[in-house]
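Model the full structure from these sequences, guided by the hints.
There are 2 protein chains.
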Amino acid sequence: MLNVVSLNEAVGIARTRMPAPSLAAEELPLDAAAGRTLSEDIVSGENVPAFARSTMDGFAVRAADTFGATAALPSMLRVAGEIKMGEETSLSIVPGECAAIPTGGMLPKGADAVIPVEYTETQGDLCLCCAAVSPLRNVTRAGDDVARGQVVLKAGTRLTPASVGVLAAMGRGTVPVFRRPKIGILSTGNEIIAIEKKPLPGQIRDVNSHLLLSLCAVYGCEGTAYGVAPDEKNALLAALREAAAENDAVLLSGGSSAGKADLTAEAIDELGEVYCHGIAVKPGKPTVLGQVCGKAVFGLPGHPAACWFMAELLIKEYVHRLLRDETAPVPVKASLTEHVSSNHGREELLCVRLDGAAAVPVYGKSGVISQLAAADGYIVIPRDCEGLRAGEPVDVYLF
Amino acid sequence: MLNVVSLNEAVGIARTRMPAPSLAAEELPLDAAAGRTLSEDIVSGENVPAFARSTMDGFAVRAADTFGATAALPSMLRVAGEIKMGEETSLSIVPGECAAIPTGGMLPKGADAVIPVEYTETQGDLCLCCAAVSPLRNVTRAGDDVARGQVVLKAGTRLTPASVGVLAAMGRGTVPVFRRPKIGILSTGNEIIAIEKKPLPGQIRDVNSHLLLSLCAVYGCEGTAYGVAPDEKNALLAALREAAAENDAVLLSGGSSAGKADLTAEAIDELGEVYCHGIAVKPGKPTVLGQVCGKAVFGLPGHPAACWFMAELLIKEYVHRLLRDETAPVPVKASLTEHVSSNHGREELLCVRLDGAAAVPVYGKSGVISQLAAADGYIVIPRDCEGLRAGEPVDVYLF
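Listed in order, the protein sequences are those of chains U and G.
Counting from 6, one number per residue, gives the positions in the first sequence under our numbering.
Counting from 6, one number per residue, gives the positions in the second sequence under our numbering.
No lab work stands behind these hints: they were computed from the structure.
Here the structure is a predicted model, which means the values were calculated and not measured.
Careful: at least some of the hints might be erroneous.
No copy is singled out in the list; a pair is fine if it fits within one copy or between any two copies.
Stated by the list, open to error - Here are the simulated lysine-lysine pairs, DSBU-like style, with alpha carbons at most 30 Å apart:
#, residue 1, residue 2
1, K114, K202
2, K338, K287
3, K287, K321
4, K321, K203
5, K187, K89
6, K338, K290
7, K287, K187
8, K238, K114
9, K338, K203
10, K287, K238
11, K89, K290
12, K114, K187
13, K321, K159
14, K114, K203
15, K290, K202
16, K290, K159
17, K321, K187
18, K287, K89
19, K159, K203
20, K89, K238
21, K321, K338
22, K159, K238
23, K290, K187
24, K202, K187
25, K321, K290
26, K89, K203
In structure tokens form, the structure reads like this:
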């Protein structure tokens, strides 16, 4: 039953083979939608801005009327009127005319540019233009921000403040988003105790339930903790069935030794199917992927740092798939400050701190999670490589 | 009253001169604390792990007993017993003895290393060690993760999933965090309408209220929108007084032209003090910083992209100060893909997309916010510089 895969193969399983429900959509008020993911393409029903606007305080002109104008030889234009901020104008200018206009004011018919006030001088109802402006100078055209019919934000976009701003500009008071994926979180192991308890020798606090709950929130999911199941197959089967019935996917953690992963794999096999049992990566080896009762199951390592990495690399990818989010991680380039050695035969994930363009390794034992809190991101050391040299360029994946 | 400062001076004003209340603390359940900021240093009351543990399945040994052992000439040790996972052991080994131990099992007294099972062979109650191990090999010592008395996380730390994991490992079921800063958000301008309305020519939707509400949430604040005040001093004074009375700080936006910023500055001056009126940066020039009724006030540009940048550079800095968060933005190094030109005399903020180690400029007019949604971060072009060349190294501040 042991079926060890590479990290890339495991990512492929999460992307294509694990069961993935299609999520229903819900319509949310815009102010409640930040952090959620669009369930539909958003197409603009209108031009933004709706009309050509001035970007300066000055005079709306026909650019051709200013050609050749200088301080010594200004163009002389008749001021046909004044545009008011926030008001529609019925003003129309003809050759030889201009209109006073504030920043943001609507360009009058006939005008195609704005000359800033500091290049003009007024004498009665005359305006002297002391510089030439080219057509469209100091003007935002209708639809410059968003044109009617344009797909502005695609389904699968996770809404940032900037995209909330874009939706507000389009007049979307509510937006369609996917419901949050529901994730059941289950710890296993006789030695695992609630975090508030003082561990007796041999006992370990249930760090992973809390770690995974907050990772689920970061990934845009609704996590539910199901407590700790003992190392006993029937109890584990019952807990797995319950969590699978009530969620879109289940995260199991706590099994850190070879024997533990075996029990997890056996239970998954009995209720569904094991896709892989073991990943050739450090940390993260004792990871099991499969399905129970038609729901995706991630059997994660018990060591919190290993659990964190497998969540970041596999569960995040799976959640992106559910939410149709095509965002790929953008690594940043840096160079290593020191040699790092690595094991042959499996990839290694190493925490680093960024110092300008330098990546400084942050070491920790795999059970230790504090190095994650002290790092900015991680690098991947390829398998079949004895390590990386000081000065070598690396891709840093930021947290 | 016009008092234009550089961007650095404006950041300095936000950091030191604007009024900053000291925020009360509250004790939250750990699972509700992610994204919040610690109000106290967290000192460990215990060692994590509490006892020395094995990191492998194998045999706990006295390292000295294995020195010189090889497959051809194994050390022969008596198996004194078996350590069970999750149980305290009273076992103690003497020279010439070892004990079977699982991953995560408690190291027995007398042992100082673990030899992995694959380097051993058992014959009855004898264990043949086919390799030497050095002291502490395959062992996590008590306190390796966190030592008793150590400051594990400092006041001002914003809690990520990894730091939630660290707190869980320390048995913190609840944690002390600062209450969320309360921020009042007020738009101004006769031309500004609610986003659900169809703008008549000359009208503009109130993008900034929604943009700032979601930025406040990202910064860990509780934002409250106070609607749109007209361009009329008494109405603006009344709205400012109300927002200042009910919040820790007030964000005003909507004044985009010179005249608007003047009205904002006048109103602030009447109720308190103007610290600066204008910043030599593009976009973001018509920004006013001050205080009203003893509360910090940010008069932000009306153009959403400019508003976004000033929030990111000034308000975030101010909120960090309230929350004692000393995190500085870590720019990543990249090289520009094309020449960019810039104005003399003021700094310029330019959106870029990252493509590997290449920074690709993303242009947009200052009223346009969609370029923010399409970019990964921004660069700062220094003042008194005519621009940057293709290939030039730049610091990219990621969103």
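To see whether the hints hold, each was checked on the structure:
1. K114 - K202: between (75 Å within a copy, 25 Å between copies)
2. K338 - K287: Both: 22 Å inside a chain and 28 Å across chains, each within 30 Å.
3. K287 - K321: For K287 and K321, the Cα distance is within 30 Å only inside one copy (18 Å; across copies 37 Å).
4. K321 - K203: neither (32 Å within a copy, 39 Å between copies)
5. K187 - K89: So K187 and K89 fail the 30 Å test inside a copy (53 Å) and across (36 Å) alike.
6. K338 - K290: within (27 Å within a copy, 33 Å between copies)
7. K287 - K187: within (28 Å within a copy, 44 Å between copies)
8. K238 - K114: Cα proximity of K238 and K114: none, with 79 Å in one copy and 32 Å across.
9. K338 - K203: Result: close neither inside a copy nor across copies, 43 Å intra and 46 Å inter.
10. K287 - K238: For K287 and K238, the Cα distance is within 30 Å only inside one copy (27 Å; across copies 64 Å).
11. K89 - K290: between (68 Å within a copy, 22 Å between copies)
12. K114 - K187: neither (55 Å within a copy, 46 Å between copies)
13. K321 - K159: both (19 Å within a copy, 28 Å between copies)
14. K114 - K203: between (78 Å within a copy, 21 Å between copies)
15. K290 - K202: Close inside one copy (29 Å), not across copies (56 Å); limit 30 Å.
16. K290 - K159: This pair counts as neither: shortest intra-copy Cα distance 36 Å, inter-copy 32 Å.
17. K321 - K187: For K321 and K187, only the intra-copy Cα distance (13 Å) is at most 30 Å; the inter-copy one is 32 Å.
18. K287 - K89: This pair counts as between: shortest inter-copy Cα distance 25 Å, intra-copy 66 Å.
19. K159 - K203: between (49 Å within a copy, 23 Å between copies)
20. K89 - K238: between (77 Å within a copy, 18 Å between copies)
21. K321 - K338: both (22 Å within a copy, 26 Å between copies)
22. K159 - K238: For K159 and K238, neither the intra-copy (45 Å) nor the inter-copy (42 Å) Cα distance is at most 30 Å.
23. K290 - K187: Answer is within: at 26 Å inside a copy they meet the 30 Å cutoff, but 45 Å across does not.
24. K202 - K187: Within one copy only: 28 Å inside, 35 Å across.
25. K321 - K290: Close inside one copy (18 Å), not across copies (40 Å); limit 30 Å.
26. K89 - K203: between (71 Å within a copy, 19 Å between copies)
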